[in-house]
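Participant: Here's the letter readout for the chains.
4 protein chains.
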Amino acid sequence: MSMFSWPIRVYWEDTDAGGIVFYANYLKFFERARTEWLRSKGVHQHSLKISTGGMFVVTDTALSYKLPARLDDELLVTAHITHAGRASMQLQQEAYKVVADEKILLCEGTIRIGWVNAGTLQPARIPSSILDVLK
Amino acid sequence: MSMFSWPIRVYWEDTDAGGIVFYANYLKFFERARTEWLRSKGVHQHSLKISTGGMFVVTDTALSYKLPARLDDELLVTAHITHAGRASMQLQQEAYKVVADEKILLCEGTIRIGWVNAGTLQPARIPSSILDVLK
Amino acid sequence: MSMFSWPIRVYWEDTDAGGIVFYANYLKFFERARTEWLRSKGVHQHSLKISTGGMFVVTDTALSYKLPARLDDELLVTAHITHAGRASMQLQQEAYKVVADEKILLCEGTIRIGWVNAGTLQPARIPSSILDVLK
Amino acid sequence: MSMFSWPIRVYWEDTDAGGIVFYANYLKFFERARTEWLRSKGVHQHSLKISTGGMFVVTDTALSYKLPARLDDELLVTAHITHAGRASMQLQQEAYKVVADEKILLCEGTIRIGWVNAGTLQPARIPSSILDVLK
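Chains as they are written, first to last, in the working numbering: chain A, 1 to 135; chain B, 1 to 135; chain C, 1 to 135; chain D, 1 to 135.
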């Protein structure tokens, strides 16, 4: 099975005074890749919120930062589901720097996601129509 | 009349690879100062949204960046209302760097703010209860 | 002459509790489009900083927010140079929402950019090799 | 031993279209609290970078999100060192929402930090002058 990946360019907004990508921004990069992975499966989160009244929320993140990225770097960010249950799902994600034909691992992590009622923010079961698509 | 001002410290998150505060972040600093200026007048935006169903939205921003700020710098950000009408208000704001007893102007700008129905996002009149407090 | 434009997708990170794109983030969107416009002309800012010891800095921004964007919206952001001098250049930029085949104007603005020595941050003349490419 | 804690107010910039604080921003809140904890011990990171040529970098983050925060909420963020070695240190951090006299846990996590040469970004030993202060 091929791994979903999404290209992300590093802009000024992503960097900090250390001259590198600010570590918190990898959570944004991972989110963008997850969103595009969902979109590739026909799951559009804004429509979903309107149609189901629910939304995904991130409940746990564990990231490990290996090597820094710099302004103008071209990254490739992956998303791979490792668990999908009624109450939560878990993904493994990586960010690579693309240099010529080589991919250098910069950051990897695990993201756990739950589902809540968008109004009350109370945890709820992930709609089975979504789980069917993601599995 | 004394000018409202709010202290803001520069953290890693605020800087970019140029070694200075990323210019877009002055809009955040100005927003924080406006929020605290409103709070100082008893206007709490989250409560306001719930009680009135409306919220402020920024419609125009014009900023001029004079000198850079760096990590760990201590800034002082002002907010001063220059116009308050039924449909919009306008503020003049400055960000200063505080060094010893001196204030060095880093950035100044004008922010125009309207009022919308939080559900429909349609423009509406600023509630007179708020205007009375702000004038 | 065709206008340079760059597609930008709205993610969770771009939105605020008003349910719309946080206005300060249009400065990021405009920056991304300018960076890609420069890249399309062979100007890579990170390499430039290393090779010339200088970098662009934003000195003035004036934005007008017309209509809101929401999560999952697909935007198109333009960049168009309106002035290029030895000490500064100015761009006109717009952000459109793309719906079917229609483009709806969300935000437009003017950005003025100078050039500084990356070490001292002192203003300097834009290298003529860059100006030649941009004009 | 008393725990270091730092007050943080939730602004528009911190929230997302779910109506709550965007989870990635807790890394920023934790960073602010660590920076102020360091400052309370006389460690100023910008001066440190200039004087030692080195800087802290975050190498691992593991966060668990318990309950959401909203616009205008007043948070209290703690920082507590749990390990300090020559190559890295580890902190336990929590973010609480303050309601009346009660503190409600919103988010907790572990942050591991290393030290690098600011020019080469190569890992290096944390200067003993800093370790002495932190232990």
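Errors might be hidden in some of the hints.
The list treats identical chains as interchangeable, and a pair is accepted whether it falls inside one copy or across any two copies.
Said to hold, decoys possible - In silico BS3-like pairs for lysine-lysine, Cα to Cα no more than 30 Å straight-line:
hint : residue 1 : residue 2
1    : Lys135    : Lys41
2    : Lys41     : Lys28
3    : Lys97     : Lys28
4    : Lys103    : Lys135
Simulated from the structure, these hints should not be mistaken for lab results.
Participant: Taking 30 Å as the upper bound on the Cα-Cα distance, should Lys103 and Lys135 be classified as within, between, both, or neither?
Facilitator: Answer is within: at 27 Å inside a copy they meet the 30 Å cutoff, but 36 Å across does not.
Participant: When no copy is named, should Lys135 and Lys41 be tagged within, between, both, or neither for a Cα gap of at most 30 Å?
Facilitator: Within one copy only: 10 Å inside a chain, 43 Å across chains, cut-off 30 Å.
Participant: At most 30 Å between C-alpha atoms: does Lys97 with Lys28 qualify within a copy, between copies, both, or neither?
Facilitator: both (16 Å within a copy, 22 Å between copies)
Participant: Should Lys41 paired with Lys28 be assigned to within, between, both, or neither, using CA atoms and 30 Å as the limit?
Facilitator: both (20 Å within a copy, 28 Å between copies)
Going down the numbered hints, you'll see the structure goes against none, and every one checks out.
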